[in-house]
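Protein chains in written order, with full-length UniProt numbering: chain A, 1 to 424; chain B, 1 to 424; chain C, 1 to 424; chain D, 1 to 424.
Some hints here could point you the wrong way.
[Claimed, not checked] With a Cα cut of at most 25 Å, we get these calculated DSS-like pairs of lysine-lysine:
hint: 1; chain 1: A; residue 1: Lys413; chain 2: D; residue 2: Lys381
hint: 2; chain 1: C; residue 1: Lys302; chain 2: B; residue 2: Lys381
hint: 3; chain 1: C; residue 1: Lys413; chain 2: B; residue 2: Lys413
hint: 4; chain 1: A; residue 1: Lys413; chain 2: D; residue 2: Lys413
hint: 5; chain 1: B; residue 1: Lys413; chain 2: C; residue 2: Lys381
Source of the hints: derived by calculation from the structure; they are not laboratory data.
Number of protein chains: 4
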Amino acid sequence: MSFLRMQETAHDQLIEHLLDVRTFSETITNSLEREDFVIQSMPDVSPAKWHLAHTTWFFETFVLEPSVPDYQLFHPQFRFLFNSYYNAVGDRHPRAHRGMLSRPTIDEVRKYRAYVDHALAKLNVEQLSDEVRSVIEIGIHHEQQHQELMLTDIKHVLNINPLRPAYRSDLTTPEPSEPQALSWSHFDSGIHQVGHAGDNFHFDNEAPRHEVLLRDFQLANRLTSNQEYLEFIEDRGYQRPELWLSEGWDAVQQLGWTCPLYWERVNDEWQTFTLAGMRDLHLQEPVTHVSFFEADAFARWKGCRLPTEFEWEHVAQIYQPGPQSNFVEEDLLHPRSAPTPDDQKSPAQLYGDAWEWTASPYIAYPGYHPPDGAIGEYNGKFMSSQWVLRGGSCVTSKSHIRPTYRNFFHPEKRWQFTGIRLAE
Amino acid sequence: MSFLRMQETAHDQLIEHLLDVRTFSETITNSLEREDFVIQSMPDVSPAKWHLAHTTWFFETFVLEPSVPDYQLFHPQFRFLFNSYYNAVGDRHPRAHRGMLSRPTIDEVRKYRAYVDHALAKLNVEQLSDEVRSVIEIGIHHEQQHQELMLTDIKHVLNINPLRPAYRSDLTTPEPSEPQALSWSHFDSGIHQVGHAGDNFHFDNEAPRHEVLLRDFQLANRLTSNQEYLEFIEDRGYQRPELWLSEGWDAVQQLGWTCPLYWERVNDEWQTFTLAGMRDLHLQEPVTHVSFFEADAFARWKGCRLPTEFEWEHVAQIYQPGPQSNFVEEDLLHPRSAPTPDDQKSPAQLYGDAWEWTASPYIAYPGYHPPDGAIGEYNGKFMSSQWVLRGGSCVTSKSHIRPTYRNFFHPEKRWQFTGIRLAE
Amino acid sequence: MSFLRMQETAHDQLIEHLLDVRTFSETITNSLEREDFVIQSMPDVSPAKWHLAHTTWFFETFVLEPSVPDYQLFHPQFRFLFNSYYNAVGDRHPRAHRGMLSRPTIDEVRKYRAYVDHALAKLNVEQLSDEVRSVIEIGIHHEQQHQELMLTDIKHVLNINPLRPAYRSDLTTPEPSEPQALSWSHFDSGIHQVGHAGDNFHFDNEAPRHEVLLRDFQLANRLTSNQEYLEFIEDRGYQRPELWLSEGWDAVQQLGWTCPLYWERVNDEWQTFTLAGMRDLHLQEPVTHVSFFEADAFARWKGCRLPTEFEWEHVAQIYQPGPQSNFVEEDLLHPRSAPTPDDQKSPAQLYGDAWEWTASPYIAYPGYHPPDGAIGEYNGKFMSSQWVLRGGSCVTSKSHIRPTYRNFFHPEKRWQFTGIRLAE
Amino acid sequence: MSFLRMQETAHDQLIEHLLDVRTFSETITNSLEREDFVIQSMPDVSPAKWHLAHTTWFFETFVLEPSVPDYQLFHPQFRFLFNSYYNAVGDRHPRAHRGMLSRPTIDEVRKYRAYVDHALAKLNVEQLSDEVRSVIEIGIHHEQQHQELMLTDIKHVLNINPLRPAYRSDLTTPEPSEPQALSWSHFDSGIHQVGHAGDNFHFDNEAPRHEVLLRDFQLANRLTSNQEYLEFIEDRGYQRPELWLSEGWDAVQQLGWTCPLYWERVNDEWQTFTLAGMRDLHLQEPVTHVSFFEADAFARWKGCRLPTEFEWEHVAQIYQPGPQSNFVEEDLLHPRSAPTPDDQKSPAQLYGDAWEWTASPYIAYPGYHPPDGAIGEYNGKFMSSQWVLRGGSCVTSKSHIRPTYRNFFHPEKRWQFTGIRLAE
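The shape of chain A in the complex, shown without the other chains (with noise of 0.2 Å):
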């Protein structure tokens, strides 16, 4: 597994800091009733208890029984039931079918999370190999990635119930500031280094580093309002053919889109599903929960396009996460409208509040190759149809997301926070 590095983490540090990610698992189903645990409201989706169950399962399996001497598993049948797609572990229940398991509860996964977190706790980090170590660390970004799903996960099983439930009443909603205009930075052409370097912590996925030729391009200042996306909407985005690629013309056709997923129109008014409730749409903030078609056919009607993985991470490089970030951390869970920026010359929003759909297809770097055994199974086996994002949303963790970090989705998907940032 030459491929991970350990992060500069003092090996003294390691399991503490898991432990912390860990217990952040835990925080974030504080305010879920049992109930909402179970409900798979789509195959996408995965009840919160199979996320807390999952992640405790993948250090189980990869950290536990290879270190441990007679190490006990928790319950046997739970490699089963928990394992997500990983071939080399064997079978596993069908994925869209993890809502009909009301056992184990919720008490028994905590239980079962109690019961790996003391093993992980008593783990003497000098005593293990670097692949259990890299393992580990792969634990932590693995752990991060499910708490990002169960954020999103929990907002469209909260948004298909008729009530409506908030996810959390305790959210603040700051005041929507004007964005700033829309400007373009502009780069130029040339060779550069993409992908990772150095002995930080990275998935497989960003490796190796490589040269990629860039012609010039401009990036917008920051992403697309939802006044601008209503604009779209208004001259009758949805209606027109010819904005779309026909997969997305498709795809607008079959599920009867007309407007981003949680955007709804009641009394006239637009209003938003957000995990504080439903509220009024505020025209300032990002828009947010659009497909890759959607943001494709957004920047054909605005005569640009979509910037390329590589276009983005040349300039995010350049401008490394600030501390106004609006990461999970912020708890807003959120976007929020564009903060004036420090340094003209900075785009705002390059990190954080929405991920931003690249105009990518996710494949391998030249000279990719994944590592073996079941961890090979991680990212390298998606790479078709599916479409880099960049930069992490304002429910990704801080110290989850890097400028080479390639997230991953199919085109039609919608229920993460994904947003567009326009290029020319």
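Start from chain A and add chains B, C and D according to the hints.
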């Protein structure tokens, strides 16, 4: 609603009886984990939470709203969420999405029940119209039907879980005794009265009482046993299309049937899932969880047939339910082997144990008219493509059943306690 | 095969009659283009080519192979390709793929027919067993059934084509005459004989003859007219769930029914597609191409009901088919308005014009047994979920029909010439 | 439509060339039975009749209607029936129903072709606008694409028929010769030009010409052979999930793939269906009718990868198609084993034989813009979820292909002549 006559129940006992029945619904769910209340394991199944709420909605909608001045609904959207199929009451939540609702929680549903029960307890029966009293009677029987469904639905929910949890660990399984040998009771041809007569409660579909012409027939002295059904399996019953109706053979092929629902071959032994969990199959017990198609194919293989509903009813009018009948009050929640009959001429197990598929499609009696209004949607509109079952099962309330009672299901359904009695 | 009795047909006329019927199959397809023979416009429909081959396969498989020593099959794979549903004969080509076969071409199918007809013509009837003679009789009636299907199937095939080509341009459309006013014939209660008696040919499902108990009833003097059905539509019949069986209402919603099949609203006028092409709807003609669900809803709207199959048969035994009945021999291929009856007491249109949906599910008569062998799969195995129709239609052969004849279809089917006669 | 440049074709030869190409479409269908023209064996396939009509509709709609004053449409509804996917031209007949149309007959379609060809022959090229001349060029290439589709579609249509008829019985099968041993050609890294340059005809998706950065790579000297692919099968390639992309593994499971399309195991020997009918599989021939997923899994199993489209194009710009390339003009209609190369450095079979799956998703070149109007729907709107193939096949016209030509299909498609060339 002239078709509904009052039970002998004195007026002042009606509400008491109602509240007793309501309480039993909650008793049934005492052993459930909170997560168990949420699951819809297939479209036929409803979550236990939904059953508890829907039966409450029934009284709120059809009794309290029309009868109690200034009655305040517990929650305005419950009218939409917990309507099952009454078009006359308005739109309703899609049946197949009942398992998508985490809210209201079971705690809220219990508050809803308490709220409605409180209002029901305050009713002055003497001041109610005959019609409202009739609807209360219907509501009692309606609740009993949903009690049976809760037990069969939760059995399905727990069985679909790879952990196969038991519904109750305290259930007793009677030592199986060798059933009596199969023998036949003979009945003479003639014109007989069938259908409900008298003032007792009955459903609209049991009326009008009318004459039918029966031919000589013989009825088996007991239900078909697992042993007998196993012989059918071992004689390749599920591989021989000539034994099956065409739609039944399609079901065998498409659904992959090779044995009754809940039978499993484990280490070369037949086991079965019961409400007490997995256990060995007792060959002496009646076969249950078979579809009409399987009952029909088995009868054909035996060189016999299923009785018509009127043959069954003619016999049942002679032999009323006895004290030993295995209804839900016995708290076995599983059919038991046929007891030695007190009276050699009486067929055993006519009532309780397992619903008996008949050879009669479910259609209207001559002169049948459903009552006016939403209650008219209770039975009449289902009179196509279903078959009549008679006699109740081990999860039916004793006070719910009578010789004229007509249950009905589609011919491929297997999740109820449905069994076979042969005729010739 | 004791249930099959020989027609009076002298033995030496049997083959002559057979070949006449066979010739009529080809007459029916004379007006088709070669491409028309290939299309399967929905799973219920079979290509005309398939009908011509399947009826030939029937004689080859059930008559020639068992009776002619050293009979050489025309083509070994036709056994597989042209078996409809006889499990006992072996595997078969999937029904839904019948429209995927360009080969054999219609020329080859015609050669197949000639080859088999030649062998049939050489049969010495005197030397055949009773059983084989019976199968020839069945084969004649089987071919007549497929002649009717060819006409209804090709109507569907041509209608699905946006060009709406006519099947035949030379068909005459009688000038519609005002039908008699709706009136009722009264029939007294009593025990009556139904089912086939005597030595004439009949299908197994018409036997055994047996007694039924009928109550007083009245039967409408003619079929329901388009005018009457239009009043149902205009009274919002397709928008009122209380008029429909539950499965019927589902069909209305899911299939988008707003009028009978083949009706179309063109420039604010009702038109209808006939085998002569599109033309104005004649309000005086009987309504046809309605499902059981529509017939049932219409009757409920009228405050009437459909007759049972035994009420119909009781009447039909009194009034046999007359010379003026509109069968396929009339060569109208469309129902015509009810003629003034010669005898005021005789209901018009009992035979021909349109099959009459009855209120009777299609089940076995008491004591029914299908014949042994593959022929036993002809009727008996379809005895679930279908409804009985009586009387034949404008595309039925006159020699095919009789008072005891039972046709059957699923309640949502509309592509046959199916109509409505009311009862009270 | 500035992206389209005229071929050197002198103006007065344009129409002559057009009519030659049009004639070849009819030549291709000469061996078909009339019934063969009707079948749509799966949604991807169109009936041959439809191809002949649609290519005619193309010229009528995009050339004759705009250019010929008072042009009379052959049939007003053909605009609807034979539009493939041009939203800008209006509604269209649903793609999946193309096999439901018996009319127009093939005779009528041939009259349609003659009518349009007659009008095309009368065009005065000098008086046409550049734009119309461009569309004629596109129409020629469009017709050639449909010629290839007719051959692959009819192969599918005939193969789905259990009789497995040959498309042509006069096709010659070259004696298979042992292919050269697998070897590698090396190419150096650098910045290279790709995409179309010059005045010759090309499609919009081949432009603009632009620079790409290539790394050192090696390309296999020939296509992968059946022999090599069989080793993959025998090494359990179809049973090992670790070799497959996740969506590819899903396809294996759901579609039951165990070998390339058209391979069949008959009496323990591998046979294959060709346009000449069923015959033994020749191990020396290139493997064909594999999906991208199979090509990708095979390459992974070999420890290699597929080339990118720009690696391929870089090589192809060096080695142009030679006289021995196996295009449709060779009239083999099947790939043949790799010939000994004249020049040891030239990879064999770069052109013709089988389309080569590349590792490149089908997306736009930098600066790409589709042309205005309906013609703009030709290529650009399909730029999601598909992969680029290069080089043409044994059923491609020689004049249709060039080094910059980009074909594209979804990764699970197998009915085209698609093969594998390895890279490292």
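Review point. What hint numbers does the structure not satisfy?
Key: none
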